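Student: Modelling step: build the complete structure from the supplied sequences, incorporating the hints.
Protein chains in written order, with my numbering: chain R, 394 to 467; chain U, 394 to 467; chain D, 394 to 467; chain C, 394 to 467; chain B, 394 to 467; chain E, 394 to 467.
Where hints are given, some of them may not hold.
Copies of one chain are not kept apart here, so a pair can be met inside one copy or by any two copies together.
[Claimed, not checked] SDA-like mimics (lysine to any residue), calculated; alpha carbons at most 20 Å apart, straight line:
#: 1; residue 1: LYS399; residue 2: LEU449
#: 2; residue 1: LYS398; residue 2: ASP436
#: 3; residue 1: LYS402; residue 2: LEU449
#: 4; residue 1: LYS398; residue 2: GLY450
#: 5; residue 1: LYS399; residue 2: GLY450
#: 6; residue 1: LYS407; residue 2: ILE440
#: 7; residue 1: LYS424; residue 2: GLU466
#: 8; residue 1: LYS399; residue 2: GLU420
Keep in mind the hints are simulated off the structure, nothing from the lab. What you are looking at is a predicted structure, and each value in this text was computed from that prediction instead of being measured.
Number of protein chains: 6
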Amino acid sequence: MFPNKKVQKAIGSKVQVEMKGDHHILEGTLKSVDDYLNLHLVDAVEIVDGEKLRSLGSVVLRGNNIILIIPVEN
Amino acid sequence: MFPNKKVQKAIGSKVQVEMKGDHHILEGTLKSVDDYLNLHLVDAVEIVDGEKLRSLGSVVLRGNNIILIIPVEN
Amino acid sequence: MFPNKKVQKAIGSKVQVEMKGDHHILEGTLKSVDDYLNLHLVDAVEIVDGEKLRSLGSVVLRGNNIILIIPVEN
Amino acid sequence: MFPNKKVQKAIGSKVQVEMKGDHHILEGTLKSVDDYLNLHLVDAVEIVDGEKLRSLGSVVLRGNNIILIIPVEN
Amino acid sequence: MFPNKKVQKAIGSKVQVEMKGDHHILEGTLKSVDDYLNLHLVDAVEIVDGEKLRSLGSVVLRGNNIILIIPVEN
Amino acid sequence: MFPNKKVQKAIGSKVQVEMKGDHHILEGTLKSVDDYLNLHLVDAVEIVDGEKLRSLGSVVLRGNNIILIIPVEN
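Tutor: Here is the structure:
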């Protein structure tokens, strides 16, 4: 299964995403993903040092600025 | 709905955009967006620490330097 | 009007461009732009803290390292 | 053998990957790779100063934010 | 004249190139350029604070990591 | 000769490569290169302040994170 298929399989589930920039970690429910790994998350929260810092709600993440994506198991 | 469609739906509404660089946050009314997520905002303001720092007016943002886009609900 | 058209409309006028890197701001007259938002500016000056630091003359800017472009009204 | 073929040959084996960002090194078993060098690793761990810092499990790495990939010999 | 044509016109002449990374400025004679603005310079020198720091000889620069290109007039 | 051809000509020879990130310099024998300037090096070493810091062996470098490539003359 190619990396982008692995991400598509996580649609409807929680993912954790590390972005470029200030040690940015976001967690949310994955609504959609395209071929560039642009992501649409809902109920997204920003996480700093393991703590929820801020609720972002619905957010679109630009794929080329994603470092890594971790499906969150429940 | 793919991530870029989610952004297109925000045309005419306010969006908040986090750019690469100096913790750059911009807020403005989305006029247009293309497939690279290049954005054209009007009435854009630069926001630092939650305060409006500077009015930029009409501004074009390069898509690959966008970290994330948040539609602002009113 | 798509974002790149907005930039094309500024050909012949002054634009301010924020680049990645050291808080780099350039101002000059836009001579040409292509689909990648690569820009050719003439009479370009580098601006630091609102002061003109250095004249660069004719300069080509790589589109993917542009953060944002602001048409300068006169 | 082209660079991406060299990476494909490592499928099923351990690789060490250096990412952009905070001196990020990840080690895991390579499950898949695509033409953009997006990687899917399983049993991934984050390594800081030669020590395993954190277990990440299954993780997708965005290719354009990879600095280098080293196949780990056993 | 599109930005890449402006660069092609400088083949055989000196150019100054600012790269991403450590305030990297390179000066050399432009031998070739492609559509991605990858550059081949000869007699290249690295410049720091306006001083020639190091001779690099023949060097290939990756286009997407170029901030700007200035043709050097003699 | 286009920049990528200049790099292809160095196959089988030593090259020095400056990467994005922590002032990363790598030296090794170039085994292969593709159109994105992804490189496969063997007998690669990491160089810091002109000293060999670490042997990496066989390594794949992501082209878009390469700043510059210098063929090393013997």
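Student: So, for every hint listed, does it hold in this structure?
Tutor: Comparing the hints with the structure gives:
1. Only between protomers do LYS399 and LEU449 lie at most 20 Å apart by alpha-carbon distance; the minimum there is 15 Å, versus 25 Å within a single protomer.
2. In the homo-oligomer, the alpha carbons of LYS398 and ASP436 lie at most 20 Å apart only across protomers (18 Å), although the nearest pairing inside one protomer, at 22 Å, exceeds that limit.
3. Only between protomers do LYS402 and LEU449 lie at most 20 Å apart by alpha-carbon distance; the minimum there is 18 Å, versus 23 Å within a single protomer.
4. Taking the shortest alpha-carbon separations for LYS398 and GLY450, only the inter-copy value of 17 Å comes in at or below 20 Å, while the best intra-copy value is 25 Å.
5. In this assembly of identical chains, the alpha carbons of LYS399 and GLY450 lie at most 20 Å apart only when taken from different copies (13 Å versus 24 Å within one copy).
6. Only within a single protomer do LYS407 and ILE440 lie at most 20 Å apart by alpha-carbon distance; the minimum there is 14 Å, versus 24 Å between protomers.
7. In the homo-oligomer, the alpha carbons of LYS424 and GLU466 lie at most 20 Å apart both inside one protomer (16 Å) and across protomers (18 Å), since each shortest distance falls under that limit.
8. Taking the shortest Cα distances, LYS399 and GLU420 sit within 20 Å of each other both inside one copy (17 Å) and across copies (18 Å).
No hint from the list above goes unmet by this structure.
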